[in-house]
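*Asks:* Numbering (the working numbering), first residue to last: 559 to 756.
Calculated directly from the structure, the hints in this document are not laboratory data. Glycine is no exception: its CB is placed at the ideal position from the N, C-alpha and C atoms. Warning: the hint list may mix true and false statements.
[Stated by the list, open to error] When the alpha-carbon atoms are kept at most 30 Å apart in a straight line, the in silico DSSO-like pairs for lysine-lysine are as follows:
hint, residue 1, residue 2
1, 594, 653
2, 746, 684
3, 653, 684
4, 707, 684
5, 653, 707
[As the list claims (entries may be wrong)] So the derived label-pair ranges between C-beta atoms look like this:
hint, residue 1, residue 2, range
6, 713, 590, 25 to 35 Å
7, 573, 628, 16 to 26 Å
8, 696, 642, 40 to 50 Å
9, 702, 659, 16 to 26 Å
10, 738, 614, 29 to 39 Å
11, 628, 718, 39 to 49 Å
12, 713, 629, 36 to 46 Å
13, 629, 589, 46 to 56 Å
14, 586, 710, 26 to 36 Å
15, 617, 655, 18 to 28 Å
16, 653, 586, 21 to 31 Å
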Amino acid sequence: MLYIFDLGNVIVDIDFNRALGVWSDLGRVPLALLQKEFQMGEAFEQHERGEISDEAFAAALCDELGMALSFEQFTAGWQAIFVGVRPDALLIMQKLRAQGDRVVILSNTNRLHCEFWPTQYPEVQKAADAIYLSQEMGMRKPEPDIFLKVLQQEGFSADQAVFFDDNQANIDAATALGINSVLVTDAKVIPGWFAGRL
559 MLYIFDLGNV
569 IVDIDFNRAL
579 GVWSDLGRVP
589 LALLQKEFQM
599 GEAFEQHERG
609 EISDEAFAAA
619 LCDELGMALS
629 FEQFTAGWQA
639 IFVGVRPDAL
649 LIMQKLRAQG
659 DRVVILSNTN
669 RLHCEFWPTQ
679 YPEVQKAADA
689 IYLSQEMGMR
699 KPEPDIFLKV
709 LQQEGFSADQ
719 AVFFDDNQAN
729 IDAATALGIN
739 SVLVTDAKVI
749 PGWFAGRL
């Protein structure tokens, strides 16, 4: 079997409010205003596909949110979203590989985060056979082609794959392709799904 795991809030807890908190402090912009205005819009999606640079993304987001931040200040906030690893998920990934299953990560991400999390959480890379990143692939979930590319690269059909993600749109897209998909709403979902299966 092929097991496909999202990264954020599936293997590693993330919280965008942490970024907004740092930006609020550094830019002297009220946190409530940033929380109201922050959205994952066009620049966000372009950045995750690798279509715009980190600097262009930072400038676009600062403009959208009315923040006067240096690129370094923006980056400090952007990297603050990472909270910590979910050990139960990592343990399950390791067990799956030990029994001969293929385990990969498929993440909508960006260059800035990819410079950060592998150094913070080296155990995540060690728990996966391969890592597929939107900004390297030029496409992002829930676009069907990104799932088809992973299946093709890995040599599995849709009915031989299980996909875990915290975003309903991504789950729906994978399900439409015939991939068995599980919505991860909290840290108990993955251990619960594998109870009795591993």
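*Asks:* Tell me, in ascending order, the numbers of any earlier hints that this structure violates.
*Replies:* 1, 6, 8, 13, 14, 15, 16
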